[in-house]
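The C-terminal residue of the sequence shown carries number 449 in full-length UniProt numbering, and the numbering is unbroken.
Source of the hints: derived by calculation from the structure; they are not laboratory data.
If you're wondering where the values come from, they're calculated on a predicted model, not measured in any experiment.
Fair warning: there could be bad hints in the mix.
SDA-like cross-link-like pairs, simulated, lysine to any residue; straight-line CA separation at most 25 Å [to be verified]:
#: 1; residue 1: Lys128; residue 2: Ile397
#: 2; residue 1: Lys237; residue 2: Gly380
#: 3; residue 1: Lys238; residue 2: Ser228
#: 4; residue 1: Lys128; residue 2: Ala395
#: 5; residue 1: Lys237; residue 2: Ser407
#: 6; residue 1: Lys128; residue 2: Ser228
#: 7; residue 1: Lys237; residue 2: Ala395
#: 8; residue 1: Lys238; residue 2: Asp309
#: 9; residue 1: Lys238; residue 2: Leu402
#: 10; residue 1: Lys238; residue 2: Ile397
#: 11; residue 1: Lys238; residue 2: Val251
#: 12; residue 1: Lys237; residue 2: Leu109
#: 13; residue 1: Lys128; residue 2: Glu304
#: 14; residue 1: Lys128; residue 2: Ala401
#: 15; residue 1: Lys237; residue 2: Asp61
#: 16; residue 1: Lys238; residue 2: Arg219
#: 17; residue 1: Lys237; residue 2: Gln339
#: 18; residue 1: Lys237; residue 2: Ser59
#: 19; residue 1: Lys128; residue 2: Lys238
#: 20; residue 1: Lys238; residue 2: Ala395
#: 21; residue 1: Lys128; residue 2: Ser59
#: 22; residue 1: Lys238; residue 2: Ser407
#: 23; residue 1: Lys237; residue 2: Lys128
#: 24; residue 1: Lys128; residue 2: Asp61
#: 25; residue 1: Lys237; residue 2: Arg443
#: 26; residue 1: Lys128; residue 2: Ser113
#: 27; residue 1: Lys238; residue 2: Ala401
#: 28; residue 1: Lys238; residue 2: Ala194
#: 29; residue 1: Lys128; residue 2: Ser407
#: 30; residue 1: Lys237; residue 2: Ile397
#: 31; residue 1: Lys128; residue 2: Leu402
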Amino acid sequence: MEESNLRYNSSRSKILHLTMLKCTSSSGLIRNVLAVASGTAAAQAIVFAFSPLITRIYSPDVFGLQGVFLSLISIFSPIIALRYPMAIITADTETEAFHLSRLSLLIALGMASMFWLIILVGGQTVLKLLGAEGLGALILLLPLALLCVALQDVNDYHTARLGAFRLVGIVEVVQAFMLNLSRVLGGLLAPVAATLVVVTTIGPTLKSTLLRIGTRARRCPAPSCVMSRPETIALLKKHRDFPIYRMPTDVMNALSQSVPVLLLAALFSPATAGLYALTRSVLNLPSNVLGAAVGNVLYVRFAELSRQDQPLTPLLLRSTGALLALAPPIVGLAWFAPQVFSFVFGEEWREAGHYARWMALWIAAMLANIPAVRISPVIGSQRFLLLFNLLLLAARIASIALPWLHSAEPLSAIASFSVVSAIMIAVSMVLILNFTYAFDHSRERPPSA
1 MEESNLRYNS SRSKILHLTM LKCTSSSGLI RNVLAVASGT AAAQAIVFAF SPLITRIYSP
61 DVFGLQGVFL SLISIFSPII ALRYPMAIIT ADTETEAFHL SRLSLLIALG MASMFWLIIL
121 VGGQTVLKLL GAEGLGALIL LLPLALLCVA LQDVNDYHTA RLGAFRLVGI VEVVQAFMLN
181 LSRVLGGLLA PVAATLVVVT TIGPTLKSTL LRIGTRARRC PAPSCVMSRP ETIALLKKHR
241 DFPIYRMPTD VMNALSQSVP VLLLAALFSP ATAGLYALTR SVLNLPSNVL GAAVGNVLYV
301 RFAELSRQDQ PLTPLLLRST GALLALAPPI VGLAWFAPQV FSFVFGEEWR EAGHYARWMA
361 LWIAAMLANI PAVRISPVIG SQRFLLLFNL LLLAARIASI ALPWLHSAEP LSAIASFSVV
421 SAIMIAVSMV LILNFTYAFD HSRERPPSA
């Protein structure tokens, strides 16, 4: 996340500011959501269309190893740039956003180098600690994958700040097609875990490149000189909430979401983890569509409302209610998952459909929680999210470990995990709503005498 006290032309700054206001108006909010949602929906449709081919090329064991690699990426990706890329949207000026971008990439490069050295020196010990012995030498690709994710984050948030939401939708479609075509063609040559891991590693660079090219005309000229050391320290301190609270919060959240893959692979089998990973990817389709569309657009809107001293609670209630309305159809459709999975993906994936019946509860709650998560940096509740995610992680580990200790089947562990997750997420939504109401109330100005 990225970059001084240098100034751009004042008239250009005013134009950019007016553009942001226009993009984040009520009608603009809906247009932006639809622009990203339509593109992301098309991208997810492409993913789903390729899935029957991919699941017949790769075995559940291979999917399980890819799931482990993806879990490690999700756990460590918040650390790679210390979550400074998210500050790009809340930056006061385009100059500040530029410098945050540059700093984010420098931090990511340093962290990736450190991760690579740790893996190289630690070897098998690191694999055991991560629960990723099955990956073997493929673990060496993890630092590169994290660096690519950091580059993607920087361009994602800068694109959102510029309001180029239609571009985001188009890029999602192109990326989905190219990556899944690579998985199919690579699998026909070598249907092994290495193929999926390599495609996963380099995938974010495609999106980063396309976003960078697409926003070239909208970007302000880069500052002519670099920041001094005191200016750099001041900028990092200004946005310190992101590394102090948001980064560990997202790590805890990623850990809690990755617990099933890592524990199922370790306690049961890689095949069980693969069944779970496929189920999660299918059920995450609505979450991926609306998460990318609603998430970034709402984040920009919440930040703009806050800068204008406007109340945030009404938008939080409306957006949460709209997403919550999707829960009944998601849970209802999941009941038919066993038959659908066996028909679409092959008979060996039928058990994944039984997982889906329970996991739909958690996915629906997670979808409705998107606005609450996005508003937290704006209202300063990131410390709460950190503490809450620590508790959520402990609860999720217990929800899987306890059934295993009682010699239960994997389905029992997944059911326990899903119910506990849904309840905990619902509690966090209520608490964030209360915090938002208090935040709005604290900014109300007393009437003048």
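Results of checking the hints against the structure:
The straight-line distance between the Cα atoms of Lys128 and Ile397 is roughly 18 Å, inside the 25 Å bound, and the hint therefore holds. Under the criterion of a C-alpha separation no larger than 25 Å, the hint pairing Lys237 with Gly380 is consistent with the structure, at around 15 Å. With a C-alpha separation of about 15 Å, the suggested pair Lys238 and Ser228 falls inside the 25 Å cut-off, and the hint holds. The hinted pair formed by Lys128 and Ala395 meets the criterion: a straight-line CA distance of about 23 Å does not exceed 25 Å.
This hinted pair does not check out: Lys237 and Ser407 have alpha carbons roughly 50 Å apart, beyond 25 Å. For the hint pairing Lys128 with Ser228, the CA-to-CA distance comes to about 42 Å; that exceeds 25 Å, so the pair is violated. A distance of roughly 33 Å separates the Cα atoms of Lys237 and Ala395; the hinted pair therefore is violated under the 25 Å criterion. Proximity of Lys238 to Asp309 is assessed by CA-CA distance (about 20 Å); at most 25 Å being required, the pair is judged to hold.
Taken as a hint, the Lys238 and Leu402 pair is broken in the structure, with Cα atoms around 43 Å apart against an allowance of 25 Å. Of the pairs offered as hints, the one joining Lys238 and Ile397 is violated, with about 35 Å between alpha carbons and a cut-off of 25 Å exceeded. With a C-alpha separation of about 21 Å, the suggested pair Lys238 and Val251 falls inside the 25 Å cut-off, and the hint holds. Distance hint between Lys237 and Leu109 is fulfilled; the C-alpha atoms sit about 20 Å from each other, no more than 25 Å.
Taken as a hint, the Lys128 and Glu304 pair is broken in the structure, with Cα atoms around 45 Å apart against an allowance of 25 Å. Taken as a hint, the Lys128 and Ala401 pair is honoured in the structure, with Cα atoms around 18 Å apart against an allowance of 25 Å. This hinted pair does not check out: Lys237 and Asp61 have alpha carbons roughly 45 Å apart, beyond 25 Å. For the proposed pair Lys238 and Arg219, the alpha carbon gap of about 23 Å is at most 25 Å, so the pair holds.
Proposed proximity of Lys237 and Gln339 is contradicted: the alpha carbons are some 54 Å apart, above 25 Å. With a C-alpha separation of about 48 Å, the suggested pairing of Lys237 with Ser59 is violated against the 25 Å cut-off. In summary, the hint linking Lys128 to Lys238 is not supported, as the alpha carbons are separated by about 38 Å, beyond the 25 Å threshold. Proposed proximity of Lys238 and Ala395 is contradicted: the alpha carbons are some 34 Å apart, above 25 Å.
A threshold of 25 Å between alpha carbons decides the hint, and for Lys128 with Ser59 the separation of about 23 Å falls inside it, so the pair holds. Of the pairs offered as hints, the one joining Lys238 and Ser407 is violated, with about 51 Å between alpha carbons and a cut-off of 25 Å exceeded. With a CA separation close to 36 Å, the supplied pair Lys237 and Lys128 exceeds the 25 Å bound. In summary, the hint linking Lys128 to Asp61 is supported, as the alpha carbons are separated by about 18 Å, within the 25 Å threshold.
At most 25 Å may separate the alpha-carbon atoms for a hinted pair to count; Lys237 and Arg443 meet this at roughly 24 Å. Distance check on the hinted pair: Lys128 and Ser113 sit about 21 Å apart at the alpha-carbon level, within 25 Å; holds. Our distance criterion of 25 Å between C-alpha atoms is broken by Lys238 and Ala401, whose separation comes to about 41 Å. Under the criterion of a C-alpha separation no larger than 25 Å, the hint pairing Lys238 with Ala194 is inconsistent with the structure, at around 41 Å.
For a cut-off of 25 Å, the pair hint linking Lys128 to Ser407 stands: about 23 Å separates their Cα positions. Under the criterion of a C-alpha separation no larger than 25 Å, the hint pairing Lys237 with Ile397 is inconsistent with the structure, at around 34 Å. Distance check on the hinted pair: Lys128 and Leu402 sit about 22 Å apart at the alpha-carbon level, within 25 Å; holds.
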